[in-house]
Amino acid sequence: MRIEVVRRENADSTPYLQSIEYTPKDKNETVAFALDMINKGGYKDTDGRDAAPIKWEHSCLQKKCGACAMVINGVPRLACGARLREFEKQGTVRLEPLKKFPVIADLWVNRQVMFDALLKLGTWLESDAVMTEKNENTAYDASRCLQCGCCLEVCPNFYAGGEFYGMAACVPASRVIAELKGDTQQSLKQGYDKHIFEGCGKSLSCKNICPTGIETDRLLARSNMASVWKRLLRLK
Amino acid sequence: MSRVIIIGAGLAGLSCAVTLAAGGRRCCLISKQPSERAQSVLAEGGINAALDLMGEGDTVNEHFEDTIKGGVYLADAEAVRGLTENAPETVMWLRALGVPFNTENGQMIQRPFGGQKKRRTLFAKSSSGKMIMSALIDEARKYESRGLIKRYPHHEMIRLLIDNGRCTGARVKDSVTGKCADFSGTVVMCTGGMNGMFPMMTTGTTQNTGDALAAVFMQGVRLSNLEMIQYHPTTIAASGKRCLVSEAARGEGGRLYILKDGVKYYFMEERHPDLKNLAPRDVVAREMYFVRRETGGQSVMLDMTALDGKTWKNKLPDLRQEVMEQLSLDPKIEPIPVKEGIHYFMGGIDVDPFHRTSLEGLYAAGECASIYHGANRLGGNSMLGAVYGGKRAAGDILQSTSANDDTTEPGFEEAGENESFFEEAAPEFIKNVSDILLDCLGIVRNEDTLKNSLGRLDELTGGLSLNDREKARAELAAAMIKCALIRRESRGAHYREDYPERDESLCTMTSAEVSGGGAEVGFKQKAYEGAVL
Numbered sequence: 001m002r003i004e005v006v007r008r009e010n011a012d013s014t015p016y017l018q019s020i021e022y023t024p025k026d027k028n029e030t031v032a033f034a035l036d037m038i039n040k041g042g043y044k045d046t047d048g049r050d051a052a053p054i055k056w057e058h059s060c061l062q063k064k065c066g067a068c069a070m071v072i073n074g075v076p077r078l079a080c081g082a083r084l085r086e087f088e089k090q091g092t093v094r095l096e097p098l099k100k101f102p103v104i105a106d107l108w109v110n111r112q113v114m115f116d117a118l119l120k121l122g123t124w125l126e127s128d129a130v131m132t133e134k135n136e137n138t139a140y141d142a143s144r145c146l147q148c149g150c151c152l153e154v155c156p157n158f159y160a161g162g163e164f165y166g167m168a169a170c171v172p173a174s175r176v177i178a179e180l181k182g183d184t185q186q187s188l189k190q191g192y193d194k195h196i197f198e199g200c201g202k203s204l205s206c207k208n209i210c211p212t213g214i215e216t217d218r219l220l221a222r223s224n225m226a227s228v229w230k231r232l233l234r235l236k
Numbered sequence: 001m002s003r004v005i006i007i008g009a010g011l012a013g014l015s016c017a018v019t020l021a022a023g024g025r026r027c028c029l030i031s032k033q034p035s036e037r038a039q040s041v042l043a044e045g046g047i048n049a050a051l052d053l054m055g056e057g058d059t060v061n062e063h064f065e066d067t068i069k070g071g072v073y074l075a076d077a078e079a080v081r082g083l084t085e086n087a088p089e090t091v092m093w094l095r096a097l098g099v100p101f102n103t104e105n106g107q108m109i110q111r112p113f114g115g116q117k118k119r120r121t122l123f124a125k126s127s128s129g130k131m132i133m134s135a136l137i138d139e140a141r142k143y144e145s146r147g148l149i150k151r152y153p154h155h156e157m158i159r160l161l162i163d164n165g166r167c168t169g170a171r172v173k174d175s176v177t178g179k180c181a182d183f184s185g186t187v188v189m190c191t192g193g194m195n196g197m198f199p200m201m202t203t204g205t206t207q208n209t210g211d212a213l214a215a216v217f218m219q220g221v222r223l224s225n226l227e228m229i230q231y232h233p234t235t236i237a238a239s240g241k242r243c244l245v246s247e248a249a250r251g252e253g254g255r256l257y258i259l260k261d262g263v264k265y266y267f268m269e270e271r272h273p274d275l276k277n278l279a280p281r282d283v284v285a286r287e288m289y290f291v292r293r294e295t296g297g298q299s300v301m302l303d304m305t306a307l308d309g310k311t312w313k314n315k316l317p318d319l320r321q322e323v324m325e326q327l328s329l330d331p332k333i334e335p336i337p338v339k340e341g342i343h344y345f346m347g348g349i350d351v352d353p354f355h356r357t358s359l360e361g362l363y364a365a366g367e368c369a370s371i372y373h374g375a376n377r378l379g380g381n382s383m384l385g386a387v388y389g390g391k392r393a394a395g396d397i398l399q400s401t402s403a404n405d406d407t408t409e410p411g412f413e414e415a416g417e418n419e420s421f422f423e424e425a426a427p428e429f430i431k432n433v434s435d436i437l438l439d440c441l442g443i444v445r446n447e448d449t450l451k452n453s454l455g456r457l458d459e460l461t462g463g464l465s466l467n468d469r470e471k472a473r474a475e476l477a478a479a480m481i482k483c484a485l486i487r488r489e490s491r492g493a494h495y496r497e498d499y500p501e502r503d504e505s506l507c508t509m510t511s512a513e514v515s516g517g518g519a520e521v522g523f524k525q526k527a528y529e530g531a532v533l
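In order, the protein sequences belong to chains B and G.
Residue 113 in the working numbering sits at position 113 of the first sequence, and the numbers go up by one each step.
Residue 70 in the working numbering sits at position 70 of the second sequence, and the numbers go up by one each step.
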């Protein structure tokens, strides 16, 4: 099959498309595996050039770390979760970097804006967590966020540098909101109001796309109630 | 000394950083990728502490004894005493940070785990590592906002800075720009296991390449216990790696069997009636190897079909999802084939109970440090070892060094042409070294294969012009093989078919040090050497 990669030497250079013919040896092979094989050498593109090392972030290779998020045939997902056999019929897989984040090189983007949002919001506990039967599942689901950026990629309301921080900020914030003590941490709640509640258009494309299956709508509803409608006490 | 420099931002690194920050000490957290990508997020089963929440009369002393026994008497007793005594406090600290440990009737519960008779393992379904990481990440961010932790999240330590036999800092490379900077201060290595010595053959991350460990080894830091590699009994094939099936699967009732003449033979239950499927990992992995040999290569199967829906939902949901993803099989309705896979490294940088290494000014914590687990690590003790170890190192730094108000940012500059340890090892070289190691450091080892492998390693490196990282990797590999050679006995994860019995005189860890002409290995004379108490 053909693997097309939108490549770019660095942030200032012009992007170009590189097409590589690749034959999977195993039916379970993922896009991540193919990238690794190509990078180990011996592949040329359809113009006869060396398919030189393609830059991409990777770590766990099993959908648990969020490193390898990229756009695959137009859909943002984890490369380690995309099996080549899904694309057998089409015959082509196109790999592009996430568009909402600045490119460093090839498929490698700078996702620091997500972590900066969490710093600005203040998504941490100022005192001991209050853990009860009622917030345990919320805390669990919210703690599963990979900070991969797929949700931001599909969100119609998010853009880097904007006032709306997106679901990637809402999920970690939801853990803290669920666990914080009573009426404390007002600035987090105000930040949530301004940077999450106000900007969210409720398209829920984030829920659709989340590679780890977080129920973003449920977290949103709960955190809205706590932060915006201030019905906090009922939930502890 | 300026800020404390922590290399690695997983459980150990984060724990060290937040403890230092809480004590008012500035530190920098240097990692190749943000904490969310660290290997710690893959940990599943749980964390041990003798809280006796299950009312079985569990005690710290029993946790201590299980750990010492599980490690087959190689781990230092004083260090393990500290680990097990402080485990309850460590877990309660994590609880206060908001880790959603499983509860029943409003109280945390503990699950049974390998090598332990009492239920001691606190857990968050089957994603305990991720849960603890999320809480620690948020806590670290709090201190980041206060200027106490400075993150360098796309940075790699390439070597230590050493002056007059003291570690004075680390040379760090920014992987985005390729530029390097000298960071001065006390260094804490939290770089994780040497998974990269066996690419694609372990349950870990691609980022733990083994380069950092190999570099400090070449710079003279003593390593220990290198032959002790944990093969986790239950892993499954995944694209590009081995994928862990947590011990929790057996903790919650999963059973291992193999077909012997068409009949299910529950070999662990027959051969180990006391702990059965929850015998220590080295015991299980070895039995699996033997029964496969006895039955002409049948697959060992893990049967979780008897577990009820509630258990699947509340305790193993992510595990089930993972198996379905990787094997297209539902473990709830059918048994799955499992095989041993490299999962953890008990050995690494030799440290004392305060996590000080043989090099003054250098600490190590987490999987990269060799201290608590001896010849075999118990399930649930890894996360404990990392979190406690990070705290312990921070504690010693707070006590024995003083803060410095110098907050000058190190200047990143273009690397020189001959910048040491800068160039990466070639993938082919890495694979060749790995193939040699896999051959001789499997579950069953013998003198001939080990000696042959040393010869093959010599041959491989003899003809090539190697860069610093490649030389270091070869030296580390040689040390691993040599340690396995000199341990002429079987103990824990190290099984020699030519010396199948335990030799009581070999009751200390092996150690390895590079001096002049290469790696020298021997047995440690006492638990820790050169430590100033």
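There could be a bad hint or two in this list.
Lysine-lysine pairs mimicking DSS-like chemistry, simulated, CA-CA at most 27 Å apart [claimed, not checked]:
| hint | chain 1 | residue 1 | chain 2 | residue 2 |
| --- | --- | --- | --- | --- |
| 1 | B | K120 | G | K142 |
| 2 | G | K313 | B | K207 |
| 3 | B | K44 | B | K27 |
| 4 | G | K431 | G | K117 |
| 5 | B | K27 | G | K332 |
| 6 | G | K260 | G | K118 |
| 7 | G | K260 | G | K310 |
| 8 | B | K25 | G | K142 |
| 9 | B | K25 | G | K118 |
| 10 | B | K44 | G | K431 |
| 11 | B | K207 | B | K230 |
| 12 | B | K27 | G | K150 |
| 13 | B | K181 | G | K142 |
| 14 | G | K264 | B | K207 |
| 15 | G | K310 | B | K134 |
| 16 | G | K264 | G | K150 |
| 17 | B | K194 | B | K207 |
| 18 | B | K134 | G | K142 |
| 19 | B | K134 | G | K276 |
| 20 | B | K44 | B | K55 |
| 21 | B | K40 | B | K25 |
| 22 | G | K524 | G | K451 |
| 23 | G | K179 | G | K524 |
| 24 | B | K55 | G | K431 |
| 25 | B | K99 | B | K134 |
| 26 | B | K55 | G | K179 |
| 27 | G | K276 | G | K310 |
| 28 | B | K40 | G | K142 |
| 29 | B | K181 | B | K194 |
| 30 | B | K99 | B | K207 |
| 31 | B | K230 | G | K264 |
| 32 | G | K150 | B | K55 |
| 33 | B | K55 | G | K471 |
| 34 | B | K230 | B | K134 |
Listed next, with one range per pair, are the computed distances between beta-carbon atoms [as the list claims (entries may be wrong)]:
| hint | chain 1 | residue 1 | chain 2 | residue 2 | range |
| --- | --- | --- | --- | --- | --- |
| 35 | G | A403 | B | S203 | 32 to 40 Å |
| 36 | B | G162 | G | G178 | 29 to 37 Å |
| 37 | G | E334 | B | P53 | 39 to 47 Å |
| 38 | B | D128 | G | R146 | 43 to 51 Å |
Keep in mind that the hints were calculated from the coordinates and are not lab data.
As the structure is a computational prediction, the values presented were derived from the model and not from experiment.
A virtual CB, placed ideally from N, CA and C, is assigned to each residue, including glycine.
Now for the hints, and whether the structure bears them out:
Of the supplied pair hints, the one linking B:K120 and G:K142 holds, its CA atoms being roughly 10 Å apart against a limit of 27 Å. The straight-line distance between the Cα atoms of G:K313 and B:K207 is roughly 21 Å, inside the 27 Å bound, and the hint therefore holds. Distance hint between B:K44 and B:K27 is fulfilled; the C-alpha atoms sit about 22 Å from each other, no more than 27 Å. For the proposed pair G:K431 and G:K117, the alpha carbon gap of about 40 Å is over 27 Å, so the pair is violated.
In summary, the hint linking B:K27 to G:K332 is supported, as the alpha carbons are separated by about 24 Å, within the 27 Å threshold. Pair hint G:K260 plus G:K118 does not hold up; C-alpha atoms about 32 Å apart against a cutoff of 27 Å. For the hint pairing G:K260 with G:K310, the CA-to-CA distance comes to about 32 Å; that exceeds 27 Å, so the pair is violated. The straight-line distance between the Cα atoms of B:K25 and G:K142 is roughly 47 Å, outside the 27 Å bound, and the hint therefore fails.
Of the supplied pair hints, the one linking B:K25 and G:K118 is violated, its CA atoms being roughly 46 Å apart against a limit of 27 Å. Between B:K44 and G:K431, the direct Cα distance comes to roughly 21 Å. Compliance with the 27 Å bound is thereby established for this hinted pair. Between B:K207 and B:K230, the direct Cα distance comes to roughly 24 Å. Compliance with the 27 Å bound is thereby established for this hinted pair. Proposed proximity of B:K27 and G:K150 is contradicted: the alpha carbons are some 44 Å apart, above 27 Å.
Taking the CA atoms of B:K181 and G:K142, the gap is near 16 Å; set against the 27 Å cutoff, the hint holds. A threshold of 27 Å between alpha carbons decides the hint, and for G:K264 with B:K207 the separation of about 43 Å lies outside it, so the pair is violated. About 18 Å separates the Cα atoms of G:K310 and B:K134, which keeps this hinted pair within 27 Å; it holds. Under the criterion of a C-alpha separation no larger than 27 Å, the hint pairing G:K264 with G:K150 is inconsistent with the structure, at around 56 Å.
Pair hint B:K194 plus B:K207 holds up; C-alpha atoms about 21 Å apart against a cutoff of 27 Å. Restraint check for B:K134 and G:K142: satisfied, since their Cα atoms lie roughly 25 Å apart, inside the 27 Å limit. Distance hint between B:K134 and G:K276 is unfulfilled; the C-alpha atoms sit about 37 Å from each other, more than 27 Å. Between B:K44 and B:K55 the alpha-carbon distance is near 16 Å, which keeps this suggested pair within the 27 Å criterion.
Under the criterion of a C-alpha separation no larger than 27 Å, the hint pairing B:K40 with B:K25 is consistent with the structure, at around 15 Å. A distance of roughly 22 Å separates the Cα atoms of G:K524 and G:K451; the hinted pair therefore holds under the 27 Å criterion. Of the supplied pair hints, the one linking G:K179 and G:K524 is violated, its CA atoms being roughly 39 Å apart against a limit of 27 Å. Annotation: proposed proximity of B:K55 to G:K431 holds, straight-line Cα distance about 20 Å (limit 27 Å).
Of the pairs offered as hints, the one joining B:K99 and B:K134 is violated, with about 38 Å between alpha carbons and a cut-off of 27 Å exceeded. Annotation: proposed proximity of B:K55 to G:K179 holds, straight-line Cα distance about 17 Å (limit 27 Å). Only pairs whose Cα atoms come within 27 Å are accepted, and G:K276 paired with G:K310 is accepted, the gap being roughly 24 Å. Proximity of B:K40 to G:K142 is assessed by CA-CA distance (about 40 Å); at most 27 Å being required, the pair is judged violated.
Simply put, B:K181 and B:K194 have alpha-carbon atoms about 21 Å apart, close enough for the 27 Å limit, and the pair holds. At roughly 19 Å between alpha-carbon atoms, B:K99 and B:K207 fall within 27 Å of each other, so this suggested pair holds. Distance restraint check for B:K230 and G:K264: the Cα-Cα separation of roughly 58 Å exceeds the 27 Å cut-off, and the hinted pair is therefore not satisfied. With a C-alpha separation of about 26 Å, the suggested pairing of G:K150 with B:K55 holds against the 27 Å cut-off.
For the hint pairing B:K55 with G:K471, the CA-to-CA distance comes to about 25 Å; that is within 27 Å, so the pair holds. A hinted pair counts as satisfied when its Cα atoms are at most 27 Å apart, and B:K230 with B:K134 qualifies at roughly 17 Å. Under the hint 32 to 40 Å, the C-beta atoms of G:A403 and B:S203, about 49 Å apart, miss the expected range. At about 31 Å, the CB distance of B:G162 to G:G178 agrees with the hint of 29 to 37 Å.
Between G:E334 and B:P53, the C-beta spacing of about 41 Å keeps the proposed range 39 to 47 Å intact. Between B:D128 and G:R146 the beta carbon distance is about 18 Å. The supplied range of 43 to 51 Å is therefore violated.
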